[in-house]
Amino acid sequence: MLLLNFFRDIRHTLPRLISVMIVTALGVMIYIGMSGINANMQYAIDTYLEPAAVSDLWITADDADMRDVRGLRALSSIEYVSPRVTLMTNWIEDDETNLTLHTYDGAFEQCVPYIESGRMPQSPRECMLAASFAKARGLSAGERLELEFEGRILRFTIAALVISPEYIYNVSGMDLIPNPYRNGFVYVPEEAVSTAYGTHVYNEILIKGREGVSREALINACKSVLGERCLAVLNFEDNVRAYMIYSEMQGLVSMTTTLPALFFLTAALIMFTTMQRVVENSRTMIGTLKALGYSDSRILIYFLSYAFLVIVIGTALGAVPGRAITGFLVTIIYQYFELPPIEFLMDWAALINAVSIAAACCVGAVLLTAVREVQTGPAQCMRPKPPRRSRRNIIERSPLWRVLGFSVKTVVRNIFRNRMRAIMCIVGVSLCMALIVTAIGMSDTVDKLMDDLYEKLYRYDLQVSLERMASNREERHIARLAGIERLESEMALPIEAIASGKKSDTTVHVCEDIVTLMVVDQTADVSMTMPDGLFVAKQLADDLGLSRGSALTIRRIGARKTHTLPVMGIAPNINGVYIGRSLWRSLGEGFRPSMLYLLANDPDTMKRTLEDYDFVSAVKLKQEVVSAFDAQMETMNAVVGIMILFGGVLAYVVLYSLGVMNFYDRIRDLATLSVLGFYPKEIKRLILSENMVFTILGIGLGALLGFPLLSNILTGTSMGELTFEPMVLPITYALSAGLTLVYAIIVNLLLGRKTKKIDMLGALKSVE
Amino acid sequence: MIMSDPDGPIIHIQDLTKQYKMGETLISAVDGVSFDIPRGGVCILQGASGAGKSTVLNILGGMDLPTSGNVFVEGEDISRYSKRQLTRYRRERVGFVFQFYNLMPNLTVVENVELARQISPNPMNARDALEMVGLSERLNNFPSQISGGEQQRVAIARALAKNPSLLLCDEPTGALDYQTGKAVLQTLIDVCRKAQNTVIIVTHNSALAPIGDLLLRMRSGKLVETKYNETPVPVSEVEW
Ligand SMILES: Nc1ncnc2c1ncn2[C@@H]1O[C@H](COP(=O)(O)OP(=O)(O)OP(=O)(O)O)[C@@H](O)[C@H]1O
Ligand SMILES: [Mg+2]
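For the protein sequence lines, the chains are A and B, in the order given. If you read the first sequence in our numbering, its first letter stands for residue 1, the second for the next number, and so on. If you read the second sequence in our numbering, its first letter stands for residue 1, the second for the next number, and so on.
Hint data in this document are derived by calculation from the structure and do not stem from the laboratory. Certain hints may be false.
[Claimed, not checked] Straight-line C-alpha distance at most 30 Å; calculated DSSO-like pairs for lysine-lysine: (1) A:Lys754 with B:Lys21; (2) B:Lys83 with A:Lys681; (3) B:Lys182 with A:Lys757; (4) A:Lys754 with B:Lys83; (5) A:Lys756 with B:Lys182; (6) B:Lys222 with B:Lys83; (7) B:Lys21 with A:Lys409; (8) B:Lys227 with B:Lys182.
From just these sequences and the hints, can you work out the full model?
Dropping the structure here:
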């Protein structure tokens, strides 16, 4: 019988229960979705990167020999020492390519590559090639691969296509994001380069420390053995190519915690208010049951069934799309990284967590409200709850009060009487608003970035990449072409940038002394005079801990000579290091243009003209350069859409469930109004104006929350060199407010239909 | 038949029936009732529980529609009214007093009365209405701060403030104790006599039969007695 009553009872609270279920489902969904991503990335790390033994240190050495290696191997703090020769080569077919060649000695102890196809090389004539490069260039195992290194040709047969744990996110050279078409790596047996480089001399040593040895101790130990021959040490954490997946994961953590927490909190609050109402409305029932002799615990279980219902249905509804979100986003994230195929992991732990959090919220809400009622005596329960004491609120005490109409008064009083509900509604709407501001702000941020790139940084019409054979003569030839208004040239070279013992592989751009077309410092006016020092990309400066005035040592890859120069400026959205040509020449280095920036009066025609030159390898219009980033922003747009949707659902659920609650709470009052002869429209206005007050206050609060939320979410997001400066346009606030308002109006229209259901006679029959 | 005679009965009910369908069976809550109520008197509608009193009153008050029959109020057949016309009818012509007061808990005493005034075409001053029921001291209290009897007086004041041609009271003393009930009832009748309102008081209490000018008695949905009373007894003199 009690069960029957439960199902009859549920019918009355169903809309509210559904709301709680929806919010719970959303919380579960986002939580499972987000932590599923974490779990999957962690799984990738555990199943692939950990067994592959990623190195702790990449030491750049100056002619290290076997004595050094033996010295290092003797150290108790070190588990593996892998000396190797690393050369910057290019594929003979295209000298714009960068294939980093590493040797290995027999077997891999650390940074073990994953063989995607083929087999380990069996002779010094065989190599393992980066699978992504092979794919981009249509190469496969068994084909020949010829590499050029300082004028020599190294010939190999591709034995295997591999994925390497030290090249999970292979950014290098000119590209802001991994570009497998240009960049790759090759592993070859040590003997393969003995003629080109020498035998048993190495320029790089990989170190894997023993468990529990601190990074500092490890570095110091290595330095003490190598002494002068230790040129630079690259920490695992600073090695973007290997560490990116880890830092990406850390970035995700902020999203995985902030967003679901917001939803669970809302679910708990709505559950609390709903249950409070359910229990309050069941006072008579509680009293009757108690009078009939039901035990307290039986009655409590009755109310807990609501919680169980919500938990079961809510989590079930959330878990399935949550898993889908994980699947969707993991696929996207894996596209950024080069990883072996990894099976999709269902994050059971997250599910269990989500269920427990949801359960804690719902059961807690029920217990908080029900225990007190259940414990009061049956007689007291059967009597209606004494009405809440009425006190005058601030607005009432102000002189303004007299002027207000009664409907305004009821609204104001009602808001003040149900502070909890008012707060809930405002918070709910503000979350919606904040989510939408964040979502649209995200695209504002991207647009701003794109604008900066397009308007402030790239002031050229055409970007021309030159073949390696091109020289100043070719540059002059192009400069003299009809239709060219201005030409500036640049040379890009791969370098190592070293500062305070840290090392980063990057690119030096030797540009004109006065740049006007590719303006390194985007805040510069029409032109920018290169300073007597270096201009460094923000990303690189952060990695190496550089600030204005610090000293930075650069070394061309393969060269012995290093240059130490002061950092004169740090700029976002550029790549590597920029230096003026005169300064570069004064260092005793040569200049050969590798890139031209042009202003042309007809860029499209000029593009076609330039493409015909055999010393031109690529011509890109400015739009093409920028739109390359646009593609990357597609996923961002998906996220924006999803967040707007979530915001809407959240606002809907909060406003609707609380609105319905308010409606049923006051149904007697509303019936009375109806009996007194108020038109349905007037009654509707009364209910809705309250919601509108909440909506407007919520929008205000949400506008304040939006920016911090956006910053919080963007902290974890980066795209190579591009720096996201969180920014929200005023129009975005207006748009978000408009959208939130639309959501609120939809909810109110739905609520308004309920006024038709007011049963005058029924509501007047009894006190309950 | 349109009754436009200003001196005729304010209410003319003809063959009023109200049936409720409960699954297969039809329940006749009101079964062919006809009666007239003259203008400006106190009418007592008495009957046992379930007799159909509230049903008649609700139809009279424009809160419910009859299954068949006509209900003329001041010459107009409200049983033909649309929902909107009924609302307007309640708004402009009828005052209600309920067993459970039905005050707005978030409005003070005076605001509750103002509430009715606001939608009324020629309302009475709220303070005057409250003075009539003897509540001019508690104007700014909330309903939860005054007693049940006082709340019912506020409800009466609220109904009076609309200056309705018809005042309908369903068990106005049902939730009050004996003494308080009597006092409230006396106030109600006194005030209406003074203002010349037409009042219909529904009660199951047969002891109240002699206090009105007209007694209508119902049993099982049928009108069983109609009695005009030339000399109504003051409430203070009846005992139950
Ligand atoms: N909504 C309804 N559905 C079904 N039957 C109803 C409904 N409303 C009233 N009835 C029935 O109509 C009959 C008359 O009800 P009504 O409320 O008019 O009685 P009453 O005379 O006012 O009684 P009481 O003094 O107890 O208030 C009752 O038998 C009741 O069961
Ligand atoms: Mg009744």
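Check your understanding: Taking only the CA atoms, is the gap from lysine 227 of chain B to lysine 182 of chain B under or equal to 30 Å?
Key -> holds, 22 Å
Practice item. Would you check the hint for lysine 182 of chain B and lysine 757 of chain A, treating anything up to 30 Å between C-alpha atoms as holding? Key: Violated, at roughly 36 Å.
Review point. Straight-line Cα separation of lysine 754 of chain A and lysine 83 of chain B no greater than 30 Å?
Key: Within the cut-off at roughly 16 Å; holds.
Review point. Is lysine 83 of chain B within 30 Å of lysine 681 of chain A, Cα to Cα?
Key: Within the cut-off at roughly 13 Å; holds.
**Study point:** Distance restraint between lysine 222 of chain B and lysine 83 of chain B, which requires alpha-carbon spacing of 30 Å or less
**Key:** holds, 27 Å
Review point. Are lysine 756 of chain A and lysine 182 of chain B close enough, with their CA atoms no more than 30 Å apart?
Key: Outside the cut-off at roughly 38 Å; violated.
Check your understanding: Taking only the CA atoms, is the gap from lysine 21 of chain B to lysine 409 of chain A under or equal to 30 Å?
Key -> violated, 42 Å
Check your understanding: Can the restraint linking lysine 754 of chain A and lysine 21 of chain B be considered satisfied, given a maximum Cα separation of 30 Å?
Key -> Within the cut-off at roughly 24 Å; holds.
When each numbered hint is compared with the structure, violations occur for hints 3, 5 and 7.
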